[in-house]
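A.B. asks: This is what each chain is made of:
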Amino acid sequence: MKKPRVVVLRTAGTNCDCETQYAFERADAEAERIHVNRIVEKPSLLDGFQCMVIPGGFSYGDDLGAGRILANELVHSLRESLARFLEDGKLILGVCNGFQVLVKARLLPNIPDAGSDGKQWRSAEPQATLAFNDSNRFEDRWVYLKAASDKCVFVKRGEDMYLPIAHAEGRFVCRDEAAFKHLVENDQVVFRYVGPDGKPAGYPWNPNGSTDAIAGVCDPTGRVFGLMPHPERHVEPTQHPRWTRDGLAPEGEGLRVFKNAVAYLRGNF
Amino acid sequence: MFYRIEVWPKPGQPDIVARDVLSDARHLGMTGLQEASYATVYILEGRLAPEQLGRICVELFCDPVVENFAAAVLTPNGRKPVRGLPGMFPGPDKPGGSVHVVEVSRKPGVMDPVQASALKGLSDIKINSVRSVKTARKYVLNGELSKSDATFIATRLLGNATIEDCHVDVAEVPYDIRIGKYAFRIQKVPVRKADDAELLRISKTGQLSLNLEEMRTVRAFFAKARRDPTDLELEILAQTWSEHCVHKTLRGQIEFNGRPIDNLLASTIAAATRRLNKPWCVSVFEDNAGVIRFDENFDICFKVETHNHPSAIEPYGGANTGIGGVIRDPLGTGLGAKPIMNTDIFCFGNPEMPLDKTPRGALHPRRVMKGVVAGVRDYGNRMGIPTTNGAVFFDDRYTGNPLVYCGNIGLIPRDKTRKEPHAGDLVLVIGGRTGRDGIHGATFSSVELTHQSEVTSGSAVQIGNAITEKKMVDTILKARDEGLYTCITDCGAGGLSSAVGEMGERLGAECDIEKVPLKYEGLAYWEIWISEAQERMVLAVPPANAERILKVFTDENVDATFIGRFTGDGRLALRYKGRVVCDLPMDFVHNGLPRLKREARWTPPVFADPLLESIAAGKSSKSPVGKAKGDYGDDLRAILSSPNVCSKEWIIRQYDHEVQGGSVLKPLVGIDNDGPGDASICAPVPGSTRGFIISCGLNPKYGDIDPYHSAASAIDEAIRNLIAVGGSLDQVALLDNFCWGNTNKPEQLGSLVLAAQACYDYAVVFGTPFISGKDSLNNEFNTGKEVIAIPPTLLISAIGIMPNVKMAVSMDAKTPGDLIYIVGMTYPELGGSHYYYTRGLTGMTVPRVRGFQARDIFAAMSVATSSALVRACHDCSEGGLAVAIAESCFAGGVGAEIDLRKVPFNDEGQAGWRRDDVLLFSESNSRFVVEVAPDKAEDFEKAMGEVPSARIGRLTVDNRLRVIGLKGGAVVEENLADLKEAWQRTLKW
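Which chain is which? The protein sequence lines are L and A, in order. Here the first sequence is numbered in numbering that gives the first Met the number 0, starting from 0 and rising by one per residue. Here the second sequence is numbered in numbering that gives the first Met the number 0, starting from 0 and rising by one per residue.
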């Protein structure tokens with residue numbers, strides 16, 4: 000059986016591309032790292048892939064706000080090919096900086112207008128953003144995540160995870176109350192930060208002050224998913240911060256995200 | 000046309016920058032400041048339609064979900080609103096009274112990384128009429144503040160006069176600044192006719208840092224050549240001969256207490272490596288980093304550098320470029336290693352120092368520390384390199400001269416560790432453009448800092464741009480794997496002069512300086528050649544690969560320019576616009592330096608040591624250190640809170656320590672992920688369990704008493720940290736980084752000689768070769784009234800290969816009921832200890848290392864860890880046994896009861912030493928606190944064999960630490976939560 004093909008998009012400042020590629024390979028996909036310049040030169044390169052992932056890092060230094068410039072580049076230089084990618088039912092994943100890119104490119108949360116089926120990528124007003132952490136600093140820490148959406152291809156309800164975050168701009172904020180309400184009602188909130196007991200909790204459990212402790216969201220189709228925590232940093236059991244106490248699990252919890260994606264692609268392509 | 004845009008948080012959104020300013024101001028006692036708000040300023044130069052400006056604001060600069068913006072055209076008659084855009088800027092129309100506006104802008108020529116990214120964003124939205132983008136920071140301050148108060152806050156807290164201008168209450172800050180054009184003229188320096196006084200004047204005014212004998216050598220050379228040197232030729236000699244580049248003190252001749260030493264480095268550090276002759280040492284002391292074998296496919300490079308003087312003047316930029324610079328070392332080793340891990344070790348003044356006690360011309364330690372941490376954070380994180388190991392040490396003598404050690408580890412394919420340029424290869428410079436930043440860095444780092452350094456040495460500060468370097472790394476590795484070049488090195492201290500000079504040492508090189516791409520006009524030819532602008536590397540490229548290699552770089556927007564070729568004629572020939580500006584034989588450049596002769600002396604100092612004195616006199620009960628007391632809980636908490644021992648979580652969490660996915664043992668461990676790990680373990684090849692351990696050791700407090708034992712202790716500490724996490728002595732390599740005061744002073748050099756001798760002795764005993772090192776020898780600060788030398792500070796970094804990372808052991812206590820052992824012998828060694836330090840004492844009984852005993856302990860411990868007999872292990876260091884057991888317990892959330900009567904103790908013939916406080920707090924080396932499951936106890940004891948070890952207690956279910964003293968009663972009985980709180984509160988910023 001042919002392996003699903005995943006493109007790991009990289010650019011100046013991308014830095015989680017290798018481990019993201021490895022995570023997809025561990026999940027039995029074929030993953031290739033490609034510089035955005037090559038895709039802008041030849042957008043048809045995307046046709047050979049069923050999933051695109053924008054990995055973590057500091058694209059273009061995050062100099063004008065995290066993910067801003069790469070988002071801008073996607074919107075202006077790859078608009079049509081990305082729209083087609085989505086219409087073909089393919090998957091897009093954004094992790095950390097990739098999530099910031101997807102949000103700033105308005106691919107997320109992409110709440111549909113009244114009357115629209117939400118399958119198109121519309122670039123109207125931004126509906127949400129990822130602002131500076133409430134702590135005003137970059138933080139690396141592990142977080143408990145509660146998965147409570149039935150919509151997302153990458154994470155099923157109940158697939159709670161323990162993953163690391165490492166970011167300075169991860170405070171999820173909606174444009175307004177209506178956007179937030181829609182997001183929740185439309186089942187687009189995939190991950191929420193919780194305390195060790197699985198209940199809502201403040202800092203440091205919600206590490207950045209996100210609205211409603213939102214850690215990851217998907218689009219209305221469930222096929223575009225972005226999250227601040229790093230599933231690719233927990234695919235091996237030795238990556239767990241307490242494996243020397245609790246013993247080695249068969250595999251890291253984050254691997255589930257990649258396996259779910261691969262299973263979906265196998266069933267649909 | 001200039002446009003001004005300001006962006007600030009919307010109402011209801013937190014103004015986090017202002018919040019930090021308020022908190023920092025309060026911390027420094029600036030209580031007049033009551034309110035603050037912040038805005039980012041963008042200044043655009045170009046021609047824009049109002050509609051375009053609007054798009055720029057909402058699509059690039061402002062995040063409309065959480066931010067507001069305003070925009071205006073700047074005209075000679077003031078700001079003019081732009082049609083359709085908000086024009087109300089935050090802050091008062093007319094500052095003054097109690098409201099002040101501070102705008103901090105970059106000085107002309109100082110790199111602004113935002114510009115390149117902004118221009119890229121503009122071109123993506125098809126706006127190409129913007130020529131430049133500058134950024135500034137605007138603060139509106141409110142409170143009981145005069146303008147001079149606001150100026151004080153601006154210069155002390157908000158901006159740095161070295162690289163920035165702080166404008167207070169200026170109606171319109173000018174940004175229309177042009178850097179003058181450069182008028183080319185060859186400058187000759189008349190050295191042939193100069194007498195000695197004139198030679199010294201030339202050296203001083205030119206910031207050459209050459210001494211009289213060196214200047215005389217220069218004069219003799221040019222007299223023979225029958226011409227005077229150009230300014231560039233002098234600069235090249237000064238750079239190549241600088242202490243920073245050639246280590247002339249340690250490679251020179253030293254007379255130590257009457258005994259001659261020829262080349263201290265070769266006869267101690269390198270001699271140990273030669274003698275050990277390990278087959279796994281791939282490349283030592285010859286390339287930009289040391290290289291050892293890793294597995295069948297890869298070798299590992301490790302280098303640690305210091306960036307002290309730049310960090311003293313501009314902490315953020317200094318540390319930023321310190322980490323940026325050391326990353327280029329493994330990258331410039333062999334044909335280029337992939338950087339996979341960073342380390343950082345800092346020494347600062349006490350961050351709680353009152354502002355008015357800070358010496359004139361020195362920045363406050365808290366500001367230095369915040370700036371340095373932010374500098375390492377922003378660069379390391381952006382590079383996507385985990386920063387996983389480090390240490391921080393505080394002593395007020397570091398206030399004017401902080402130490403910033405940055406290390407980098409790289410992974411390199413085994414067939415890429417050798418490089419050699421060939422005659423005919425082209426000289427390719429890649430990466431960042433050249434500006435005036437970092438002129439005289441090499442010579443500057445070799446002189447003492449003064450209270451005027453901030454003013455005179457501003458140009459020595461470099462500003463980094465991590466993304467430029469990241470792009471460069473990505474593309475270099477690609478070009479390396481395609482085999483497109485024969486040699487590579489970094490532009491570090493001395494810039495192109497050093498890089499081309501070193502690479503062409505045997506061949507000679509010719510270059511056309513005007514081909515070097517510049518950030519801006521106005522640089523003289525000599526400035527271009529010695530500029531230390533960051534993020535540049537030089538490659539030797541066979542002409543046949545020229546076209547392909549340019550494509551590899553330009554494909555990912557990396558600047559790459561051929562500037563000359565390696566000739567084979569042994570000369571360094573440089574032209575500027577066709578005219579010769581340098582023509583020197585490489586042999587003179589590299590070998591013309593006269594050898595230094597220095598005198599070294601060491602007279603052991605005498606410090607008060609009341610305990611030693613009273614015990615020697617047989618009157619222990621009258622010890623002024625404190626009578627043997629009934630309870631040492633207060634002492635334990637005081638040591639846990641002392642800045643050197645306390646939690647460094649505030650720093651560690653700001654570093655990404657997990658990117659690249661290799662982290663196996665993280666810097667923070669334990670049940671709440673916040674205990675102090677002994678060392679870091681990384682498995683760098685995905686899917687493989689082979690890894691390496693990184694650890695470090697330094698203890699300047701011992702060095703005050705005895706530099707030899709201090710160095711031995713640093714080596715022991717680095718190695719025992721590595722053993723504690725499950726390492727072994729089988730394949731451990733060391734790095735030395737000496738930071739000393741002015742070694743022209745015989746006492747300073749004498750203490751360094753002793754430290755270097757300890758390095759030889761213990762490297763040989765442990766079988767751990769040195770593979771790389773660096774020294775920084777003029778770490779003194781002149782306040783104008785007195786010269787403050789740093790304590791002699793030797794950092795030892797260790798790297799050990801771990802065949803199976805799944806055997807790692809963490810320091811956190813794990814299971815109630817498990818047995819606690821101490822391994823190693825405790826001696827009465829409180830000199831330089833934290834027990835003394837918290838009483839304001841230094842003392843004399845410095846910890847020593849019994850080398851052969853230590854080696855046997857380490858070997859026994861590795862047998863135990865590799866046989867899975869050890870559940871937890873923590874080394875005893877600052878604060879001794881008491882701190883080690885306390886840390887292990889609160890990291891694991893498990894209580895313990897131990898009995899001091901069972902601790903193996905050697906009183907060295909003086910019975911009075913056997914006291915509770917000595918057993919608790921002695922800092923004897925080579926000791927571990929170990930947790931062993933009851934069913935493994937027999938095997939563990941067998942593994943320990945003859946080495947000193949004893950079962951001293953058990954882990955308990957309650958959350959208390961209870962220590963039974965020599966009289967049978969509890970001498971420590973503390974709640975773990977209280978101990979942890981004491982340990983965490985100091986640096987909880």
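One should not assume that every hint holds.
[Stated by the list, open to error] No farther apart than 20 Å at their CA atoms in a straight line, the calculated lysine-lysine pairs in the PhoX-like style are these:
id : chain 1 : residue 1 : chain 2 : residue 2
1  : A       : LYS192    : A       : LYS146
2  : A       : LYS133    : A       : LYS119
3  : A       : LYS550    : A       : LYS187
4  : A       : LYS125    : L       : LYS41
5  : A       : LYS369    : A       : LYS744
6  : L       : LYS41     : A       : LYS550
Simulated from the structure, these hints should not be mistaken for laboratory data.
A.B. asks: Now look at each hint and say whether the structure bears it out.
C.D. replies: Taking the hints in turn, this is what the structure says about them:
A hinted pair counts as satisfied when its Cα atoms are at most 20 Å apart, and LYS192(A) with LYS146(A) does not qualify at roughly 53 Å. Distance restraint check for LYS133(A) and LYS119(A): the Cα-Cα separation of roughly 14 Å lies within the 20 Å cut-off, and the hinted pair is therefore satisfied. For the proposed pair LYS550(A) and LYS187(A), the alpha carbon gap of about 40 Å is over 20 Å, so the pair is violated. With a CA separation close to 19 Å, the supplied pair LYS125(A) and LYS41(L) stays within the 20 Å bound.
The straight-line distance between the Cα atoms of LYS369(A) and LYS744(A) is roughly 32 Å, outside the 20 Å bound, and the hint therefore fails. A hinted pair counts as satisfied when its Cα atoms are at most 20 Å apart, and LYS41(L) with LYS550(A) qualifies at roughly 17 Å.
Figure legend: structure checked against the earlier numbered hints; hints not met, in rising order: 1, 3 and 5.
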